[in-house]
Amino acid sequence: MSATTSTAPPPQRAPRTPHRSDRARQEARLGMMLCAPAILVLLAVVGYPILQAVWDSLFSYKLTNPDARSFVGLGNFVLVLSDSIWWQALGVTVLITVVTVAVELVLGFALALVMNNALSTLRPALRTAILIPYAIITVVSAFAFRFMFDLTSGFMNLWLPFVPEDLDWFGSFGTSMAVVALSEIWKTTPFISLLLLSGLAQVPGELQEAAKVDGATWWQRMRRVTIPNMKAAIMVALLFRTLDAFRIFDNIFIMTNGAAGTESVAFLAYRQTIQRLEIGIGSAVSVLLTIAVALIAVMFVKGFKVNLAGSTRAGR
Amino acid sequence: MSSSGSVLPDDVRGPVTLVRRRAALLALALAAPLAACATAEAGPPTLLWYINPDSGGQARIAAQCTQESDGAYRLQTALLPRDSPSQREQLVRRLAAGDGSIDLMSIDPPFIPEFANADFLAPVPDDVAQAVTQDVAEGAVAGASFDDELVTVPFWANTQLLWYRRSVAEAAGLDMSQPVTWDQVVEAAASQDVTVAVQGVRAESLTVWVNALVESAGGHILENPEEQDPQEVVPSLDSDAGRVAAQIMADLAAAGVGGAQLSNANEDINASMFEGSSAGFMVNWPFVWPRAQAAVEGGSLEQSALDDIGWAMYPQAVAGEQARPPYGGINLGVGAFSDHVDLAFEAAQCIADPQKQAEYFLSDGNPPASLTAFDDPEVQDTFPMADVIRESLQNAAPRPQTPFYNEVSSSVQRTWHPPGAASPETSPRRADQLIADVLQGRALL
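Listed in order, the protein sequences are those of chains X and G.
In terms of the working numbering, the first sequence opens at residue 1 and continues consecutively.
In terms of the working numbering, the second sequence opens at residue 1001 and continues consecutively.
Don't take every hint at face value.
[Claimed, not checked] If the Cβ cut is set under 7 Å, some of the chain G residues that face chain X in the computed set are:
1. Glu-1089
2. Ala-1096
3. Ala-1118
4. Arg-1202
5. Ser-1236
6. Ala-1260
7. Gln-1261
8. Ser-1263
9. Ile-1269
10. Ala-1443
11. Leu-1444
12. Leu-1445
I should point out that these hints are in silico values taken from the structure, not numbers from a laboratory.
Note that this is a predicted model, so its numbers are computed, not measured.
Note that the Cβ used here is the ideal one computed from N, Cα and C, for glycine as well.
All chains, full assembly: derive it from the sequences and hints.
As structure tokens, then:
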């Protein structure tokens, strides 16, 4: 991740003036030209669909009845926001996001510490082993967890103490959510731990040594030296995982298919667009989801001052 | 395609020429297979048949029909997803984009009105309609029609039976030679501490159950399913029949006979539960019979357990009133954008031939739409319950034949799930409200 890689001081540069030299201007132009293809591709594959969804969200439009398409302005948004199902789905999504990201941060940090302190000969193998869950396709891991906890094919009721043998995990909200969250945590903790590991590597060794010499305990070094020095990495990890968790779909789709009140916002969008073929309403839900995700990103970047392009200095 | 290799001027020589010649050769080598493809296309036209997953029967029929067509067409199959709402999703997406590659498709009957209403189905020629409805179960013809017109070709017709363990019924003193009611079944199961396996999962199977209960009690989910204006569709679950249905569901759950997994139980879970030791009764499609036989062959089920399995007509909702069992199956639609509509109908007739339906029943356990196919001696031999299935098909009630079936079914599932929370006071009323709100664009689903 770029956020935490550059520790070297920036190259000596002339102080910025409004009048740039010819060379600087040429370099800027070259930079633009080099970026242009990527920006064009992004506009085509990201910008265009988003704009299309915004446009579609202003219409009452059913895919099987295109002739009856009519402009309704913000009517779809009013419909979505005034429906209790939307707020329930939003609540479920926020709950999953907060719970999974919090647990993953703690677990991920622990794993990152283990990886950081492991013998250098062990480190590659350890890193690979920890990364395996992240390499598994979400749908596949969702099926694995479903079958594990399923009453007929599963074995978890036999393994877990204090759990009645005939507990139907997917029969009620609390237990379904627990399994969904568990699967989510199992799968994405490696991602967060890898980001945190790169943050740990950033912490200057001399600071640690100095703290040790001064007689700081492990916990004091952790609180006063390690964590402040990797704040940017933590924030980047949190931001990425929050955005990711907020769009949860696969686990819910496979495990409960929205039963027992487990629908997330992304699932709601799927139901309206793909199942009901109501392109207008579905697009409105998707646009609202996009806005929510954008708000989270802005909140992190502005509120917590995460500098995605900068170095660890931003976090200090 | 590059063919520039042949126009090199004679006087060009040297390394450049060599490179060009090589390029030309390469182009030729690349083009050759394409050309071969082009000539292969000159053979009989290939018809693509989108099929629902089965045990291989449809692919075999496709091969048979290709052979029988005597070079008129080649029938190829393409597999759709497992559950019928997903099959619908995929077909609708393709058809909405005008996909001309869909010549034939296997469609679950409740979604046929939506396809017909959206003009996704090529109209069935009169002579074909006449031929394919001869000796076909009434319910199957109704399920293949929309707005009093045949829009698909009936292929196979499904219905649910009441499966029971003979020993349990006997111990409970239940006379299974006479029609039984849901109340009797639940009471018998409770007295013997066994299960009544029903499809309580929040999926299409739940709507199947609700519809059968409501229809058996003399009601309907919709008053005017044929209505094409969503604003005018009138839901009618909030009726005596709807309340009877909800009461049956609530009683079954309250008696604790639905099993621990009632709110997630689908047909497969129930079929395996019925092979277990706590099994008493089950409503399910006939596929459970070949499945149980296979389990005996595979050694996971005792022969004595198989011998203990009995079958009867679907339970009555109201004592003395004929039950209306679920109706399912698959019908064949011809894609409106197909380039070979005539050939596709020819192929559909070949597929739906009564003899092939009988063979399909034997190989895959899916009952024929043609009533004559039930007379096949081999069918009678393999499926001792064939006559009960035929009778059940004749009494079966289709789910609402409405172009808005998906919305209606999803609304029913949302308001009636889980079965333990179903209540005569709230479930029917809430379902009516949600159906109306969704169809009038006032609610999400």
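### Query
For which of the previously enumerated hints does the structure constitute a violation, in increasing order of number?
Checked against the structure, the only hint that fails is number 5, while the rest are satisfied.
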